[in-house]
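Here are the chains, one letter per residue:
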Amino acid sequence: MIEGILVEGLIYGIMVLGVFITFRILDFPDLTVDGSFPLGAALMVQGILLGYNGWVALLMAFVGGVMAGVVTAIIHNHLKVPNLLAGILTMTMLYSINIRILGNRANVPLLNQDTILSSVSTRFAGIVPDEYLLLVFFIIVVLVIKLLIDQFFRTDLGMTMGAMGNNEQMVISQGVNPKTLKTIGVGLSNGLVAVSGAFAAQYLGFADVGLGQGIIISGLASVMIGEFLVMKSNKIGVLTLCAIMGSILFHGVMYLGRYYGYLINMTPNDLNLIKGLLIIVLLVLTQSRKLKKFAAKAMVSK
Amino acid sequence: MIELKNTSMLFGAGTVNENLALKEINLKVKEGDFITVIGSNGAGKSTLFNLIAGTIIPTTGSISVNNIDVTREPEYRRARYIGRIFQNPLLGTASNMSLEDNMMITYRKGFKWLKRSLNSKMREFFRKELIQLKMGLEERMKENLAMFSGGQRQALTLLMMVLSKPALVLLDEHTAALDPKNAAIVLELTDKFIKEYKLTSMMITHNMSHAIEYGNRLLMMDKGEIIFDIEGDEKKALTVEKLIAKFHELRHANFENDRALLTEE
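Taken in sequence, the protein lines are chains A and B. Here the first sequence stands for residues 4 to 305, numbered as in the numbering used here. Here the second sequence stands for residues 377 to 641, numbered as in the numbering used here.
Among the clues, some could well be false.
As the list claims (entries may be wrong) - Just a sample of chain A residues kept apart from chain B, beta carbon distances all over 10 Å, derived:
1. Gly54
2. Asn107
3. Asp117
4. Phe155
5. Leu160
6. Val174
7. Ile175
8. Ser176
9. Phe231
10. Val256
11. Leu274
12. Ile277
13. Leu286
14. Leu288
15. Arg292
Stated by the list, open to error - DSSO-like, lysine-lysine: derived pairs with alpha carbons at most 27 Å apart:
16. A/Lys293 with B/Lys518
17. A/Lys295 with B/Lys518
18. B/Lys485 with A/Lys238
19. A/Lys182 with B/Lys491
20. A/Lys182 with B/Lys541
21. A/Lys182 with B/Lys485
22. B/Lys541 with A/Lys149
23. A/Lys149 with B/Lys518
Claimed, not checked - Derived CB-CB ranges, DEER-like:
24. B/Thr436 with A/Lys182: 25 to 33 Å
25. B/Lys541 with A/Tyr55: 47 to 55 Å
26. A/Leu87 with B/Ala613: 32 to 40 Å
27. A/Phe231 with B/Lys541: 26 to 34 Å
28. A/Val241 with B/Lys504: 53 to 61 Å
29. A/Leu87 with B/Glu519: 53 to 61 Å
30. B/Ser496 with A/Lys182: 31 to 39 Å
31. A/Leu82 with B/Ala389: 49 to 57 Å
32. B/Gly388 with A/Ile267: 40 to 48 Å
33. A/Phe231 with B/Lys518: 21 to 29 Å
34. B/Lys518 with A/Ile5: 32 to 40 Å
35. B/Glu519 with A/Tyr265: 44 to 52 Å
36. A/Ile267 with B/Thr391: 56 to 64 Å
37. B/Lys574 with A/Leu62: 48 to 56 Å
Please keep in mind that the hints were generated in silico from the structure rather than gathered at the bench. Predicted model, so just to flag it, every value in this text is computed and none were measured. Here a beta-carbon is modelled for each residue, glycine too, at the ideal position from N, C-alpha and C.
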């Protein structure tokens with residue numbers, strides 16, 4: 004049970020890192036995610052079924068995700084469409100594209116195929132105990148991705164992107180086109196989301212166009228749980244770690260809801276309600292925490 | 377260096393709110409000029425700055441820099457040689473990032489690549505530069521800018537702008553949102569930096585005595601026109617009384633209403 008939660012949390016944690024980049028760093032609420040997650044899954048499954056190596060299929064998923072994000076950014080930048088609407092547009096179009104990729108089917112299983120996960124389990128069988136194999140693999144994968152993101156945001160380009168969500172005027176004043184930064188950021192974010200979808204498809208053993216439904220809410224809830232863990236930090240390494248921890252905790256809560264919810268008469272259909280309520284509760288808690296901090300400050304200054 | 381030819385700006389054309397914010401302005405800014413710009417609200421000072429910076433595109437006329445037409449060049453491109461500071465101290469820096477990150481972002485103009493420039497050498501350089509501000513900021517380089525006061529942030533914005541070596545500096549009432557003490561500090565620093573680095577600058581101010589005290593040239597604007605443009609010795613001989621009398625003479629209007637805005641002290 005606990006490995007299951009951790010593995011799921013880590014797989015979806017890659018998606019949460021993507022959501023963190025758009026929502027928190029770029030201040031660009033990007034709903035493309037609901038489409039790019041199943042896009043990654045579809046490209047992965049179809050790539051494997053066509054006989055490509057798993058890592059090649061993963062790269063395809065990443066590139067596909069980046070392209071989806073770039074489309075959203077272009078719609079927003081050049082047609083002056085609000086970012087939320089631009090994301091919804093791409094997401095809607097992706098629904099049809101994903102079905103196309105899956106060969107006009109809504110669900111394609113990955114039965115007895117060589118995936119990245121199956122090759123990892125055959126190669127390391129016996130070295131790492133079976134039940135922990137996936138866990139160890141995903142810890143490594145997510146850690147590598149996290150460190151790469153951290154490095155990116157320490158470069159000049161990454162730092163400028165960091166300023167973007169906070170102060171677009173400052174970015175303009177530095178002679179940088181904010182549209183370019185948005186395109187890079189939203190593209191990168193959706194690339195990560197698609198990679199997450201690709202791993203999810205291998206883990207679940209199928210790709211489904213409905214996989215992405217509500218992903219953005221899961222991602223946002225995870226980001227917020229992660230932020231709740233640490234008061235405030237300006238260190239990118241801490242922030243990305245929080246996003247991953249948030250994802251694991253979120254999946255823990257969802258797991259409890261799914262398997263023990265019946266104790267309070269909950270059905271799996273209530274999970275979406277729980278996700279929404281979770282976000283609202285987190286918002287309220289963060290607000291009251293801020294107020295308390297403010298009050299404490301006022302006391303000190305008196 | 378910068379030249380505006382018959383530049384007009386019409387807002388809300390064809391509506392009841394139609395407003396000719398600038399009327400066929402002709403202006404030549406020479407290299408090394410430090411121009412102070414005064415005028416009451418609605419005189420067109422900010423519109424003039426927005427046109428030069430590229431935030432808005434003029435309805436008619438042209439703007440050129442070193443004889444190259446830049447009328448349609450977008451703001452972010454012009455920002456590569458123009459350094460602008462706004463009234464709002466929050467606009468020059470990113471609150472959610474550390475002081476050193478902010479300095480690194482603004483150190484070089486233009487697109488940033490996948491390079492890590494912030495190293496110990498850079499930090500040491502920033503530290504030395506920060507000492508000039510005499511605010512103790514050199515000890516707080518890892519702190520987020522949200523922790524700093526408006527005066528500190530504006531002084532920092534000024535320093536960061538100077539370090540990026542712009543060809544033209546636009547100061548848009550950059551001390552107006554600060555308390556008197558900080559405003560004086562930032563203004564002193566501004567004057568010092570402009571002289572030290574020989575920066576071509578334009579400064580909007582509501583304070584007549586500041587407009588007279590600083591710079592080598594003064595522009596007075598009213599209702600979208602530059603009504604008064606003096607420099608050199610003529611400007612040095614100027615006093616607040618003479619300036620008000622001049623306005624009266626030129627516009628045959630009373631200055632009384634504007635006295636509150638154009639503070640004299």
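Verification of the hints:
1. Look at A/Gly54: its CB is around 34 Å from the nearest CB on chain B, clear of 10 Å, so calling it non-interface holds up.
2. Separation of A/Asn107 from chain B is adequate, the least Cβ-Cβ distance of about 40 Å exceeding the 10 Å criterion.
3. With a least beta-carbon separation of about 34 Å from chain B, A/Asp117 lies farther than 10 Å from that chain, consistent with its non-interface assignment.
4. For A/Phe155, the condition that its CB be more than 10 Å from all CB atoms of chain B is violated, with the nearest at approximately 7 Å.
5. Against the 10 Å criterion, A/Leu160 falls within the reach of chain B, whose nearest CB is about 4 Å from its own CB.
6. In this structure A/Val174 is not separated from chain B by more than 10 Å, as the shortest Cβ-Cβ distance comes to only about 8 Å.
7. Interface exclusion of A/Ile175 from chain B breaks down, the closest Cβ pair being 5 Å apart, not more than 10 Å.
8. Not every CB of chain B is more than 10 Å from the CB of A/Ser176 (nearest about 5 Å), against its label as outside the interface.
9. Distance check for A/Phe231 against chain B: the nearest CB is about 17 Å away, which clears 10 Å, and the non-interface claim stands.
10. Chain B leaves A/Val256 outside its interface by the beta-carbon criterion, the shortest separation being 28 Å against a cut-off of 10 Å.
11. Every beta carbon of chain B lies more than 10 Å from that of A/Leu274, the smallest distance being close to 33 Å; the non-interface claim holds.
12. Every CB of chain B lies more than 10 Å from the CB of A/Ile277, the least distance being 30 Å, so the non-interface label holds.
13. Its beta-carbon lying about 19 Å from the closest one in chain B, A/Leu286 satisfies the requirement of being farther than 10 Å from that chain.
14. Against chain B, the non-interface label of A/Leu288 holds: every CB pair exceeds 10 Å, the least being about 21 Å.
15. At the 10 Å boundary, the C-beta of A/Arg292 stays outside the reach of chain B, the nearest C-beta of that chain being 16 Å off.
16. Proposed proximity of A/Lys293 and B/Lys518 is supported: the alpha carbons are some 22 Å apart, at most 27 Å.
17. Between A/Lys295 and B/Lys518 the alpha-carbon distance is near 25 Å, which keeps this suggested pair within the 27 Å criterion.
18. Restraint check for B/Lys485 and A/Lys238: the C-alpha separation of about 24 Å stays at or below 27 Å, so the hint holds.
19. Simply put, A/Lys182 and B/Lys491 have alpha-carbon atoms about 20 Å apart, close enough for the 27 Å limit, and the pair holds.
20. Between A/Lys182 and B/Lys541 the CA atoms are separated by roughly 25 Å; this keeps the pair inside 27 Å, and the hint holds.
21. Only pairs whose Cα atoms come within 27 Å are accepted, and A/Lys182 paired with B/Lys485 is accepted, the gap being roughly 16 Å.
22. The straight-line distance between the Cα atoms of B/Lys541 and A/Lys149 is roughly 36 Å, outside the 27 Å bound, and the hint therefore fails.
23. In summary, the hint linking A/Lys149 to B/Lys518 is supported, as the alpha carbons are separated by about 22 Å, within the 27 Å threshold.
24. Distance hint check for B/Thr436 and A/Lys182: the Cβ-Cβ separation is about 27 Å, which falls inside the suggested range of 25 to 33 Å.
25. Taking 47 to 55 Å as the suggested C-beta distance range, the pair B/Lys541 and A/Tyr55 conforms, at roughly 51 Å.
26. In this structure, A/Leu87 and B/Ala613 break the distance hint of 32 to 40 Å, their C-beta atoms being roughly 59 Å apart.
27. A/Phe231 and B/Lys541 have their C-beta atoms about 44 Å apart, which leaves the hinted 26 to 34 Å range violated.
28. Taken as a hint, the range 53 to 61 Å is violated for the pair A/Val241 and B/Lys504, whose Cβ atoms sit roughly 29 Å apart.
29. Range check, A/Leu87 to B/Glu519: Cβ separation about 34 Å, and the 53 to 61 Å hint is violated.
30. Here the CB-CB span from B/Ser496 to A/Lys182 is close to 34 Å, well matched to the stated 31 to 39 Å.
31. Range check, A/Leu82 to B/Ala389: Cβ separation about 24 Å, and the 49 to 57 Å hint is violated.
32. The beta-carbon spacing between B/Gly388 and A/Ile267, approximately 59 Å, falls outside the hinted interval of 40 to 48 Å.
33. For A/Phe231 and B/Lys518, the hinted distance range of 21 to 29 Å is satisfied, since their beta carbons lie about 24 Å from each other.
34. Between B/Lys518 and A/Ile5, the C-beta spacing of about 37 Å keeps the proposed range 32 to 40 Å intact.
35. Take B/Glu519 and A/Tyr265: their Cβ atoms lie about 50 Å apart, and the range 44 to 52 Å holds.
36. Here the CB-CB span from A/Ile267 to B/Thr391 is close to 60 Å, well matched to the stated 56 to 64 Å.
37. Separation of B/Lys574 from A/Leu62 is about 53 Å and conforms to the stated range, judged on CB atoms against 48 to 56 Å.
Checked against the numbered hints given earlier, this structure breaks hints 4, 5, 6, 7, 8, 22, 26, 27, 28, 29, 31 and 32; the rest are met.
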